[in-house]
Each structure stands twice: as C-alpha cells, then as structure tokens.
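**Student:** Chain residues, written in single-letter form:
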Amino acid sequence: MAKKTNWVATLLIAVGALFILFPLYMAVSIALKTPEELADSVLSLPVGMHVENFAKAIKATNFFQAFQNSAFITVTTVVLTIITNSMVAYAIARNMHRKFFKFLYYYFVSALFIPFPIIMLPIVKQTSAFGMNNPSGLVFLYVVYGIAFNIFIYVGYIRSIPKELEEAAIMDGCSAWGVFWRVVFPLMAPINATVAILTCLWAWNDFLLPLIVLSDQSDMTLPLVQYVFQSKFGTDYNLAFASYLMALSPMIIVYLFAQKWIIGGVTRGAIK
Amino acid sequence: MTVPAVVLFAVFHTFPALQGIFYSFTNWDGLSLTYDFVGLKNYYYLFQDENVWHSYLFTFQFAIVSTVLVNVLSLAIAIGLNEKIKFKNFFRAVYFLPNVLSVLIVGYIFNYLFANVLPLWGEKLGIEALSTNILGSEKWAWVGIVIVAVWQACAFNTILYLAGLQTVPSELYEASSLDGASKWQNFRHITFPMIAPFFTINMVLAMKNFLMVFDQVVALTGGGPGRATESISLHIYNGGFQGGEFAYQSANSVIYFIVIMAVSIAQIKFLQKREVDM
Numbered sequence: 001m002a003k004k005t006n007w008v009a010t011l012l013i014a015v016g017a018l019f020i021l022f023p024l025y026m027a028v029s030i031a032l033k034t035p036e037e038l039a040d041s042v043l044s045l046p047v048g049m050h051v052e053n054f055a056k057a058i059k060a061t062n063f064f065q066a067f068q069n070s071a072f073i074t075v076t077t078v079v080l081t082i083i084t085n086s087m088v089a090y091a092i093a094r095n096m097h098r099k100f101f102k103f104l105y106y107y108f109v110s111a112l113f114i115p116f117p118i119i120m121l122p123i124v125k126q127t128s129a130f131g132m133n134n135p136s137g138l139v140f141l142y143v144v145y146g147i148a149f150n151i152f153i154y155v156g157y158i159r160s161i162p163k164e165l166e167e168a169a170i171m172d173g174c175s176a177w178g179v180f181w182r183v184v185f186p187l188m189a190p191i192n193a194t195v196a197i198l199t200c201l202w203a204w205n206d207f208l209l210p211l212i213v214l215s216d217q218s219d220m221t222l223p224l225v226q227y228v229f230q231s232k233f234g235t236d237y238n239l240a241f242a243s244y245l246m247a248l249s250p251m252i253i254v255y256l257f258a259q260k261w262i263i264g265g266v267t268r269g270a271i272k
Numbered sequence: 001m002t003v004p005a006v007v008l009f010a011v012f013h014t015f016p017a018l019q020g021i022f023y024s025f026t027n028w029d030g031l032s033l034t035y036d037f038v039g040l041k042n043y044y045y046l047f048q049d050e051n052v053w054h055s056y057l058f059t060f061q062f063a064i065v066s067t068v069l070v071n072v073l074s075l076a077i078a079i080g081l082n083e084k085i086k087f088k089n090f091f092r093a094v095y096f097l098p099n100v101l102s103v104l105i106v107g108y109i110f111n112y113l114f115a116n117v118l119p120l121w122g123e124k125l126g127i128e129a130l131s132t133n134i135l136g137s138e139k140w141a142w143v144g145i146v147i148v149a150v151w152q153a154c155a156f157n158t159i160l161y162l163a164g165l166q167t168v169p170s171e172l173y174e175a176s177s178l179d180g181a182s183k184w185q186n187f188r189h190i191t192f193p194m195i196a197p198f199f200t201i202n203m204v205l206a207m208k209n210f211l212m213v214f215d216q217v218v219a220l221t222g223g224g225p226g227r228a229t230e231s232i233s234l235h236i237y238n239g240g241f242q243g244g245e246f247a248y249q250s251a252n253s254v255i256y257f258i259v260i261m262a263v264s265i266a267q268i269k270f271l272q273k274r275e276v277d278m
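Just so you know, the protein sequences line up as chains A and B, in that order.
Under this note's numbering, the residues of the first sequence are numbered 1 to 272, in order.
Under this note's numbering, the residues of the second sequence are numbered 1 to 278, in order.
Simulated from the structure, these hints should not be mistaken for laboratory data.
Don't take each hint at face value.
No farther apart than 35 Å at their CA atoms in a straight line, the calculated lysine-lysine pairs in the DSBU-like style are these [said to hold, decoys possible]: (1) K59/A / K125/A; (2) K102/A / K208/B; (3) K125/A / K232/A; (4) K88/B / K4/A; (5) K86/B / K4/A; (6) K139/B / K260/A; (7) K208/B / K125/A; (8) K260/A / K84/B; (9) K88/B / K232/A.
Which residues of chain B face chain A? A few of them, derived with a C-beta cut under 10 Å, are [what the hints assert, rightly or not]: (10) A17; (11) T26; (12) L33; (13) N116; (14) F214; (15) A266.
Away from chain B, derived, C-beta distances all over 12 Å, residues of chain A [as the list claims (entries may be wrong)]: (16) I30; (17) A55; (18) Q65; (19) V88; (20) L165; (21) A168; (22) D206; (23) A240.
Using N, Cα and C, we set each Cβ at its ideal position, and we do this for glycine too.
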C-alpha cells in the first residue's frame, strides 16, 4: 500500500528540527564572530571567519592536552570494556544454570539502581588513597562501573546465540579461550558495537566522575576544562563558544559518520 | 575472568556504597583521623534541614515536569518521524543529535541564550516575561533547567518510541481503517496500548535520570539564585566536598538512594499493571 507523503507531519517535524538546530547554529556563529559583530547582532551570519577565536581558545584551555586526555580515556575505556566485559558476560550467560553465576548476574544488574552520590564521597577517598586520581584510574573506574549495564545487555544477546557452534569447536579440539575468541567474539559484533558506542558517549561526555577523581590540572578532560575555564572566559563569549565547539566537534564528527549504527545501537542497548 | 571482575566490582562499587552507609552513622567530616558513632543523629537532623527539604522539593518538581514533557514530546516526534515524511533520515539524524553532545556544554550554550539572547528579543518585541534572564529569577530559574533537560533528553526517548512504533503490525491499522477509525482512535486504541512497554521504560528511565540531575544545574545556575535550583546531587556534592559534611551528606545519599528505588519500583508496578489492563 503506497502512502502519500504526509506534508503536515513533514512541516511540523521541520519546525521542531529548527528548535534543535537553532542553539547549535548560535554556537557556531558566535564562535566565528568578533565581539563587535556579536554586539551588533547575535544571530546574523558571521562576516569573516574569525578563526583567531579558536587559536585563542586553544591556548587558554590548553586544548590539545585536554583533547589528548579525553581521547586516551575514551579509547582505552572502550577497548578494555569490550574485551573484559564481554568475557565476563560470556562466562555468566553460559553458566546461568549454576547458582553462583545466577547470583553474579543479579548482583551486577542490581547495581544499576544505586545512585552515584552514594558511592561518590567514599570513592574519592579510595581513589586518592590508591593513587588512582589520574586518567588511568578513571579508565579503570569506567571499565568496572560499566559492568553493571553491559552485563545486562551482553547476557541477553549471548543467550540468543546457539550453543551448537561452540560445541562443534570444542569437538574439533578448541580450548575455552579459543572458543571465545574465534567463535563467540566475532558473533557478538553487533552487540559489541552497541556497547562501544554507549561507552564512548559516556566516557567522552561525563563530567561528574572526572570532576571528583582527577586532581591534577594537566589531567583534565574536555568537559572539565570548560567548567574550570568558565570564569576565565569572562565576557569573551566568542572565545568561550570557540572552546565549546572544539569540545563538542569530535563527537559530532563521529556521529555524522556512524549515525546509523549509533541510533541502532542505542535502540538495541536500551530495549533489552 | 569472572572472579577478578567480581572482586574489582565489589572493591570499587559495593564496598564504597557500604562505606557510605557506614559513615552515615558517624560524625566524620571527611578529613579528621577520628570519628564517633552518632547513631541516627544525621538522619534526625536531615529531616529538620530546610535546605535538604528544599533540594528534594526542587528536584521532584523538576523531575516530574521534565518527565511528563519529555514523554509527550518524544512520543509526538516519534509518531511524526514514523509517518511518511520527506527527508526522513535527515530529520532522524537531527533529532538524535543532542544525545551525543556533552550535557555540560549544552548547558553553557543555553545559559548564553537565556542570559543574552532572549532578553534582547523580549525587549525588542515588548514581551516583559522574556526581557529578564529567567535563570536569575528565584521563581523561574527551574523552568530554564527544564527546557535544557527536555531539549536534550527528547533525543533518546524519541529513538526508543520510534523503535516501539515499528513493532506495531501495520495490519492493525489496515483493519481499523476498514472500520473507519479516526486518527485519534487509532492512536488511543492501537498505537498507545501496543507501545505500552516502551512507555513504561521511558517513564522510569526519564524519571530516574532527572532525579539525578547535576550537569545541567551546574552549567545553568550553579544551584542559584540563592539555593533555588540546588538539586539533591548538587547538594550532596557541595556539602560533602566543600562543606565538611561528609557523614551528614552520606546519610542524605542513603535517603536519596531509598527515594529513587521507591519511585522507580512504584512506577514500574503501576505502569506494568496498566500494560496488562489495556
């Protein structure tokens, strides 16, 4: 049944999209203007490309350092999360008939309901006592905290993978290690992508955990830098917005390229 | 592989949580070497602390309004995106974009909008309500936070509703169109009951996330003016790290945990019952 284009819906959706795009347009145009242009009119298109705002912002916030920190934290968190959490989930999913593993499953999943503030105060003491108040410590915490949610979605997925393939591999003399890496792990590609995307967004954009864990200024992540430099920007909004844009753009670029997977990944991750 | 994971999780998640509960019965300030047990004293004072009551009041007001708005809007957007419209993929991409942006930075961008752009327009158009910065008003600052939170949260909820709408078999609509059902009747009797589980998930997730609001408040008002928009997490953060109220705020977070649990469970119970009825 071929339906006609619904023009009313198209129009409404288009108007709604303006509300989404407007603040972003505003951010871009302010970042490219001089203070005088901004004073004249907030919304007009910028006349020239005032890239010097970006140069100044890079200096003021030590952008490359922060970018490097954010990138290091995000990439290592994603890689380690995929490798470790998938193995733990596999062990649990294939042993659910045993009491111990069933208990573990509920143990991890129930942690999802614990609000962060309840562990926030003690964890700061703990991380500084262990010398973990640095990017590596943060990665470690992300990987460990991610388990709660990742187990939940991995286990649901692994249970839908038929066991026969694994049994066949064992018959052929494959070790448990080999079965996982050669048979199961490749089959988990779609769910690995989902976990990777969600973890990536989380680690890149998170603000509270870096705020309380990182102690050294040279370790700061991009969102944290915006927070710390907020007072330094003063009324130089052009500079501030250039800095915001630079912090946002890596994820926007990733999104433009991986849009389909990201939307699909979020749906898959959240529905299970 | 499982054993180290459990150990690490217990050490870095369960243990701090238990520690938090433990400290809530002491008078530790977070720095001193010694502390005493004070029993339920912290809890007793919490209930008499006006600032604490205020933060709960603000957080709930904010969370309820935002949850309702997000769900109404996302459902509407999802239905729109599910219709046969032009540039469908483009619009989907646009509506989902806010979800990949940092909450804090989105807050800063909106902060500028509220502080500098809207008042200017308000003056030009002669609308008095717009001509001052709402974030500076004790009475209206919370509305600003709702707007930002809803603007961003709609992305995620829309995608979930969209996924839900795609599970509704199109035969149902074909049958109802033969019976001459109106659009509203379709929605009321087919769409909405069919996506009831998605409605439950979205309501519970949205409420839980909004009750934990932190980044938006920091970026928009910092809890001000006064303490008008201090959310519970911000209150715990401020008191615990800067106010030397380590034990006291630990008690607050225990209460906070119980409240969130209770709200989520009540929601799930209530909404799932509704699913069965329909």
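**Student:** Against this structure, judge whether each hint is valid.
**Tutor:** Here is what the structure says about each hint:
1. The hinted pair formed by K59/A and K125/A meets the criterion: a straight-line CA distance of about 33 Å does not exceed 35 Å.
2. At roughly 26 Å between alpha-carbon atoms, K102/A and K208/B fall within 35 Å of each other, so this suggested pair holds.
3. Taking the CA atoms of K125/A and K232/A, the gap is near 29 Å; set against the 35 Å cutoff, the hint holds.
4. This hinted pair checks out: K88/B and K4/A have alpha carbons roughly 14 Å apart, not beyond 35 Å.
5. Simply put, K86/B and K4/A have alpha-carbon atoms about 10 Å apart, close enough for the 35 Å limit, and the pair holds.
6. Under the criterion of a C-alpha separation no larger than 35 Å, the hint pairing K139/B with K260/A is inconsistent with the structure, at around 42 Å.
7. Pair hint K208/B plus K125/A holds up; C-alpha atoms about 26 Å apart against a cutoff of 35 Å.
8. Between the alpha carbons of K260/A and K84/B the distance comes to roughly 19 Å, so the proposed pair stays at or under 35 Å and holds.
9. Among the hinted pairs, K88/B with K232/A is inconsistent with the structure: their alpha-carbon atoms are about 42 Å apart, more than 35 Å.
10. The beta carbon of A17/B is positioned within 10 Å of a beta carbon in chain A (closest approach about 5 Å), and the interface hint is therefore held.
11. Proximity of T26/B to chain A is violated relative to the hint, the smallest CB-CB distance being about 12 Å (cut-off 10 Å).
12. Among the interface hints, the one on L33/B is violated; its C-beta lies about 13 Å from the nearest C-beta in chain A, farther than the 10 Å criterion.
13. Nearest Cβ of chain A to the Cβ of N116/B: about 7 Å, under the 10 Å cut. The hint holds.
14. Look at F214/B: its Cβ gets to within about 6 Å of chain A, closer than 10 Å, so that hint holds up.
15. Interface restraint check for A266/B: the shortest CB-CB distance to chain A comes to about 13 Å, outside 10 Å, so the restraint is violated.
16. A beta-carbon of chain B is positioned within 12 Å of the beta-carbon of I30/A; the least distance is around 8 Å.
17. Residue-level check passed: A55/A sits 20 Å from the nearest beta carbon of chain B, beyond 12 Å.
18. No beta-carbon of chain B comes within 12 Å of the beta-carbon of Q65/A; the shortest separation is about 18 Å.
19. Against chain B, the non-interface label of V88/A is violated: not every CB pair exceeds 12 Å, the least being about 4 Å.
20. With 12 Å as the threshold on Cβ separation, the claim that L165/A sits away from chain B holds: the shortest Cβ distance comes to roughly 20 Å.
21. No Cβ of chain B approaches the Cβ of A168/A within 12 Å, the least distance being about 23 Å, so the stated non-interface status holds.
22. In this structure D206/A is not separated from chain B by more than 12 Å, as the shortest Cβ-Cβ distance comes to only about 9 Å.
23. Against chain B, the non-interface label of A240/A is violated: not every CB pair exceeds 12 Å, the least being about 7 Å.
The structure fails hints 6, 9, 11, 12, 15, 16, 19, 22, 23 (numbered hints given earlier, in ascending order).
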